[in-house]
Amino acid sequence: GENVEQHPSTLSVQEGDSAVIKCTYSDSASNYFPWYKQELGKGPQLIIDIRSNVGEKKDQRIAVTLNKTAKHFSLHITETQPEDSAVYFCAASSTGRRALTFGSGTRLQVQP
Amino acid sequence: EAQVTQNPRYLITVTGKKLTVTCSQNMNHEYMSWYRQDPGLGLRQIYYSMNVEVTDKGDVPEGYKVSRKEKRNFPLILESPSPNQTSLYFCASSLGGGVTEAFFGQGTRLTVV
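Residue numbers (this note's numbering), protein chains in the order written: chain A, 5 to 116; chain B, 1160 to 1272.
For the record, the hints were derived by calculation from the structure and aren't laboratory data.
Computed from a prediction, not measured in an experiment: that's the story for all the values here.
Yeah, the Cβ is synthetic: ideal placement off N, Cα and C, and Gly gets one too.
One thing to keep in mind: the hints can contain errors.
Simulated pairs of lysine-lysine, DSS-like, Cα-Cα distance not exceeding 30 Å [what the hints assert, rightly or not]: (1) A:Lys-62 to A:Lys-26; (2) B:Lys-1228 to A:Lys-46; (3) B:Lys-1230 to A:Lys-72; (4) A:Lys-75 to B:Lys-1216; (5) A:Lys-41 to B:Lys-1216; (6) B:Lys-1176 to A:Lys-41; (7) B:Lys-1230 to A:Lys-46; (8) B:Lys-1216 to A:Lys-46; (9) A:Lys-75 to B:Lys-1228; (10) B:Lys-1177 to A:Lys-46; (11) B:Lys-1228 to A:Lys-26; (12) B:Lys-1176 to B:Lys-1224; (13) B:Lys-1230 to A:Lys-41; (14) B:Lys-1216 to B:Lys-1176.
One side of the interface only, derived from the structure: several residues of chain B facing chain A at Cβ under 7 Å [unchecked claim]: (15) Pro-1167; (16) Tyr-1169; (17) Ser-1192; (18) Phe-1249.
With the hints as extra help, turn the sequences into a complete structure.
Next up, the structure:
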């Protein structure tokens, strides 16, 4: 089955700096890679996703890149703000699978 | 408002006392899942359902049961809870299984003593 590894487990940045979270996956059949943000006391919420036919996707201050050959994908947050502080999860899945396989999560803290 | 609603939010129970965590979605989604979240392990799928009366095991199904008698509801049942089931539980729904956006409930923090 699929295995997703996520690094780092914690990340602290100064407000305005960039943050990068990296994930690797094992199943070459995976073709869907979402990122979820979990704020304190809430359920995870999708912030961006990318499919295997695309190498990069951006949405304002967040971007995701995918390298299918190396089987890794990354989340980039630019101009970080205190409200970006949360736990971020990467995940992977493929057509026909019933569920996502999640990474272990990254706790991002943005220092004002 | 589109949402997934879980109840209760917090639950403390004793070993062996049967409990049910309810989950309801108002988006007419066919797929629903239960996950547990433990520190350092991310979210792991317990059970999922592709439609009414169709359920299957996820990665960590031992000690849990589910049912899907109506499209909107997907309760999680712990017939004889044990302390290793102390965890944060999330229900999720999606339109098309693993390759579409999953909408999560607010979570249920369960403690089994």
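Tested hints:
1. A:Lys-62 to A:Lys-26: With Cα atoms ~16 Å apart, A:Lys-62 and A:Lys-26 stay inside 30 Å; holds.
2. B:Lys-1228 to A:Lys-46: 27 Å, holds
3. B:Lys-1230 to A:Lys-72: Status violated; Cα separation ~36 Å.
4. A:Lys-75 to B:Lys-1216: 27 Å, holds
5. A:Lys-41 to B:Lys-1216: Roughly 26 Å between the alpha carbons, so the hint for A:Lys-41 and B:Lys-1216 holds.
6. B:Lys-1176 to A:Lys-41: 34 Å, violated
7. B:Lys-1230 to A:Lys-46: Distance ~24 Å between B:Lys-1230 and A:Lys-46 Cα, so the pair holds.
8. B:Lys-1216 to A:Lys-46: 25 Å, holds
9. A:Lys-75 to B:Lys-1228: Measuring from Cα to Cα gives roughly 39 Å; hence the hint is violated.
10. B:Lys-1177 to A:Lys-46: 26 Å, holds
11. B:Lys-1228 to A:Lys-26: Cα-Cα ~40 Å, so violated.
12. B:Lys-1176 to B:Lys-1224: Between B:Lys-1176 and B:Lys-1224 the Cα gap is close to 14 Å, so the pair holds against 30 Å.
13. B:Lys-1230 to A:Lys-41: Holds: B:Lys-1230 and A:Lys-41 sit about 27 Å apart, inside 30 Å.
14. B:Lys-1216 to B:Lys-1176: 23 Å, holds
15. Pro-1167: It is violated, given that the least Cβ distance between B:Pro-1167 and chain A is near 14 Å, above 7 Å.
16. Tyr-1169: At 11 Å from the nearest chain A Cβ, B:Tyr-1169 fails the 7 Å test, so the hint is violated.
17. Ser-1192: Check passed: Cβ of B:Ser-1192 comes within 6 Å of chain A, closer than 7 Å.
18. Phe-1249: 5 Å, holds
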